[in-house]
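Number of protein chains: 2
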Amino acid sequence: MASPTNRRSSDKRERILSAAVKVFARNGYYNAKVSEVAREAGVADGTIYLYFKNKDDLLIKAFEDRMTWINDRLRSELAKVQGDALDKLHRFLELHILLAIDERELAEFITVELRQSSKFIKEYKNQKFGEFLGLLSEVIKQGQDEGLIRHNIDRHTVSRALFGACDEVLLSLVLRKEVPEGVLDARMAELTGLFIEGLRAHRQL
Amino acid sequence: MASPTNRRSSDKRERILSAAVKVFARNGYYNAKVSEVAREAGVADGTIYLYFKNKDDLLIKAFEDRMTWINDRLRSELAKVQGDALDKLHRFLELHILLAIDERELAEFITVELRQSSKFIKEYKNQKFGEFLGLLSEVIKQGQDEGLIRHNIDRHTVSRALFGACDEVLLSLVLRKEVPEGVLDARMAELTGLFIEGLRAHRQL
Numbered sequence: 094m095a096s097p098t099n100r101r102s103s104d105k106r107e108r109i110l111s112a113a114v115k116v117f118a119r120n121g122y123y124n125a126k127v128s129e130v131a132r133e134a135g136v137a138d139g140t141i142y143l144y145f146k147n148k149d150d151l152l153i154k155a156f157e158d159r160m161t162w163i164n165d166r167l168r169s170e171l172a173k174v175q176g177d178a179l180d181k182l183h184r185f186l187e188l189h190i191l192l193a194i195d196e197r198e199l200a201e202f203i204t205v206e207l208r209q210s211s212k213f214i215k216e217y218k219n220q221k222f223g224e225f226l227g228l229l230s231e232v233i234k235q236g237q238d239e240g241l242i243r244h245n246i247d248r249h250t251v252s253r254a255l256f257g258a259c260d261e262v263l264l265s266l267v268l269r270k271e272v273p274e275g276v277l278d279a280r281m282a283e284l285t286g287l288f289i290e291g292l293r294a295h296r297q298l
Numbered sequence: 094m095a096s097p098t099n100r101r102s103s104d105k106r107e108r109i110l111s112a113a114v115k116v117f118a119r120n121g122y123y124n125a126k127v128s129e130v131a132r133e134a135g136v137a138d139g140t141i142y143l144y145f146k147n148k149d150d151l152l153i154k155a156f157e158d159r160m161t162w163i164n165d166r167l168r169s170e171l172a173k174v175q176g177d178a179l180d181k182l183h184r185f186l187e188l189h190i191l192l193a194i195d196e197r198e199l200a201e202f203i204t205v206e207l208r209q210s211s212k213f214i215k216e217y218k219n220q221k222f223g224e225f226l227g228l229l230s231e232v233i234k235q236g237q238d239e240g241l242i243r244h245n246i247d248r249h250t251v252s253r254a255l256f257g258a259c260d261e262v263l264l265s266l267v268l269r270k271e272v273p274e275g276v277l278d279a280r281m282a283e284l285t286g287l288f289i290e291g292l293r294a295h296r297q298l
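Those protein sequences? They're chains A and B, same order as listed. Count along the first sequence starting at 1, add 93, and that's the number in our numbering. Count along the second sequence starting at 1, add 93, and that's the number in our numbering.
In isolation and in its complexed conformation, chain A is listed as follows (with noise of 0.2 angstroms):
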């Protein structure tokens, strides 16, 4: 599947998305201004709002175009997971923190500047950040119907508990001017030894 920042679009609307996260990477949502995404994207000022009501507006609909990409990306990429659950987790944290190599921009975008319009964390309906928790809670109901993870959990909770732990120590890779692969590395193996002990279904003693 292309990357969301490189694939080949001549749709102003793509265009000026693909911008957004760049420009709202780069300079904090805060400090960006409308006129820069304009000029990123190659198109005039008044075009954005053509598309876009407004910066906010603008993040809400960057967000759900990325996360609909992440989305996508994680469903395909788990389809072709041949294993049980367990691997299919393992797959999952993977392509998770692999944003901070693949997609930087993405991964900087998602952990620290989303958080900044107070309006998208309170009073916006998350439906996309839903679809991704549905993901998680999928693989984990597969474990547990193939006896691999605990029944005694609650799915959605564990769920958040994984995406918040996976959110900051990307977060703390995204911070960081490079990240060399050796530590990527042993980042997942931690996360992935956490989470697989964790929700596993031990044989009693």
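Incorrect hints may appear among the rest.
[Unchecked claim] Quick look at which bits of chain A chain B covers, simulated, 3 or more residues with Cβ under 8 angstroms:
#, segment
1, 220-228
2, 234-248
3, 254-262
Simulated from the structure, these hints should not be mistaken for laboratory data. Virtual Cβ for every residue (Gly too), placed ideally from N, Cα, C.
Please arrange chain B on chain A, whose structure you already have, making use of the hints.
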């Protein structure tokens, strides 16, 4: 230990910091005005600038003050635990999630408003947060020494992951209008189960 928002203090600086947490939580960091903090604290607008350089400085000082309180509380509560490192870990998670009830404004300030200053996240060397992670890391170390926690983990990464998971679950609680006590207990049980199982050293079968 007295709550940071209720403790009596004739100290203006303290009153301004308490007011800042309250106003930032209520109105959002970016919307909040220094004059509102002054009104809440019962001081003249100019007084604030005797103690703090600007709104960013007020945010950082308020954070440091509250994190000092959180760290002190954790330290003293952990010292009271009669039991092993897993009991301490349980208490740690419990105390963190209890912020959603005990110190709702502080919880909202930390999970939502604090991330709204790019400056805070990107440029400020967060020593108090480092101390918080250090307390968690010490408990994990103790558990390893006691043979209760696996040795093949990186304590620093695991501490961040634990914090991230708790922070996300705390955020989901803070964004609800009310938190019924049963919900809180259920969330704590999930987090505790997940992480204690995830870290536990298992006897080989």
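Quiz prompt | Verdict on chain B covering the segment 220-228 of chain A, where coverage means 3 or more residues with a C-beta closer than 8 angstroms | solution = violated (count 0)
Self-check item: Within 8 angstroms of chain B (C-beta), three or more residues of the segment 234-248 of chain A
Solution: holds (count 4)
Quiz prompt | Residues of the segment 254-262 of chain A with Cβ under 8 angstroms from chain B, three needed, outcome | solution = holds (count 9)
The structure shown violates just one earlier hint, number 1.
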